[in-house]
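Just need the whole structure built from these sequences, with the hints factored in.
Sequence order for the protein chains is L and D. Using my numbering, the letters of the first sequence correspond one by one to residues 1 to 113. Using my numbering, the letters of the second sequence correspond one by one to residues 1 to 111.
There may be inaccurate statements among the hints.
As the list claims (entries may be wrong) - Partial chain D-side listing against chain L, Cβ under 8 Å, derived:
#1 PHE34
#2 LEU46
#3 LEU47
#4 LYS49
#5 LYS52
#6 PHE89
#7 PHE96
#8 GLN97
#9 LEU99
#10 PHE101
#11 GLY102
#12 THR103
#13 GLY104
None of these hints come from the bench; they were simulated from the model. Since we're looking at a predicted model, the values are computed, not measured. Beta carbons are placed, not taken as given, at the ideal position from N, Cα and C, and that holds for glycine.
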Amino acid sequence: EAGVAQSPRYKIIEKRQSVAFWCNPISGHATLYWYQQILGQGPKLLIQFQNNGVVDDSQLPKDRFSAERLKGVDSTLKIQPAKLEDSAVYLCASSLQGLAPLHFGNGTRLTVT
Amino acid sequence: GDSVTQMEGPVTLSEEAFLTINCTYTATGYPSLFWYVQYPGEGLQLLLKATKADDKGSNKGFEATYRKETTSFHLEKGSVQVSDSAVYFCALMGGFQKLVFGTGTRLLVSP
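Rendered as structure tokens:
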């Protein structure tokens, strides 16, 4: 079984620039998550999709972050404009509908200078 | 809201020592509990889980028991190896399949 795929693996941008991350979940997994992991902290949920609908985006900074999951499969997370404090690893995860566990991708490490 | 508290690290041990990493939680209802591990340069991997009170999750020599009376899910291993060096995250899943993590505990095992 192929795992959760994420790209790019690393990204360095200057503040006020924009950036996008891509995630391809495990085939058949209806639930998709984006987490932000700041160095030294645990992952924090940004947004959760069930198929192509948003279940929870309460911790997504909507003034600069956006995410979509067209057709209920792949997802993109965008930051525009980026701030220094957005430097983190962005993790994508997926799970079967209604069932744990979550399967995580290797993440995208973002550095904002 | 739901939350997880785990002991700060790093935890530094010699090979074959006994390991305990404490984890307590706050949640409404009856969450499922998990330990995830993150090896250097790799993504998060599920280590073990427990879905109801008194369940014991186990994997690769690690164990954790779901204690509802103390709201705890401490991770233990009888004899650690250098290859166990990693960051360990305690997590809970309550309503709406939302997984909430603790801050992580780094384990360093020396030969």
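Hint check results:
1. Look at D/PHE34: its Cβ gets to within about 7 Å of chain L, closer than 8 Å, so that hint holds up.
2. Annotation: interface hint on D/LEU46 holds; nearest CB of chain L at approximately 5 Å, less than 8 Å.
3. Given hint, D/LEU47 at the interface with chain L, is violated; its Cβ is 10 Å from that chain's nearest Cβ, farther than 8 Å.
4. Nearest Cβ of chain L to the Cβ of D/LYS49: about 6 Å, under the 8 Å cut. The hint holds.
5. Interface restraint check for D/LYS52: the shortest CB-CB distance to chain L comes to about 13 Å, outside 8 Å, so the restraint is violated.
6. Because the closest C-beta pair between D/PHE89 and chain L is about 6 Å apart, less than 8 Å, the hint holds.
7. Taking 8 Å as the C-beta cut-off, the interface hint given for D/PHE96 holds, the closest approach to chain L being about 6 Å.
8. Using the Cβ-Cβ criterion of 8 Å, the hint placing D/GLN97 at the interface with chain L is satisfied: the shortest such distance is roughly 6 Å.
9. Residue-level restraint check for D/LEU99 holds (minimum Cβ-Cβ distance to chain L is 6 Å; threshold 8 Å).
10. Taken as an interface hint, D/PHE101 checks out: its beta carbon lies about 4 Å from the nearest beta carbon of chain L, inside 8 Å.
11. Of the supplied interface hints, the one on D/GLY102 holds, with its beta-carbon coming within about 5 Å of a beta-carbon of chain L, less than 8 Å.
12. With a least beta-carbon distance of about 5 Å to chain L, the hint placing D/THR103 at the interface is held under the 8 Å criterion.
13. Interface restraint check: D/GLY104 against chain L, minimum CB-CB distance 5 Å, threshold 8 Å, status holds.
Checked against the numbered hints above, the structure breaks hints 3 and 5 and satisfies the rest.
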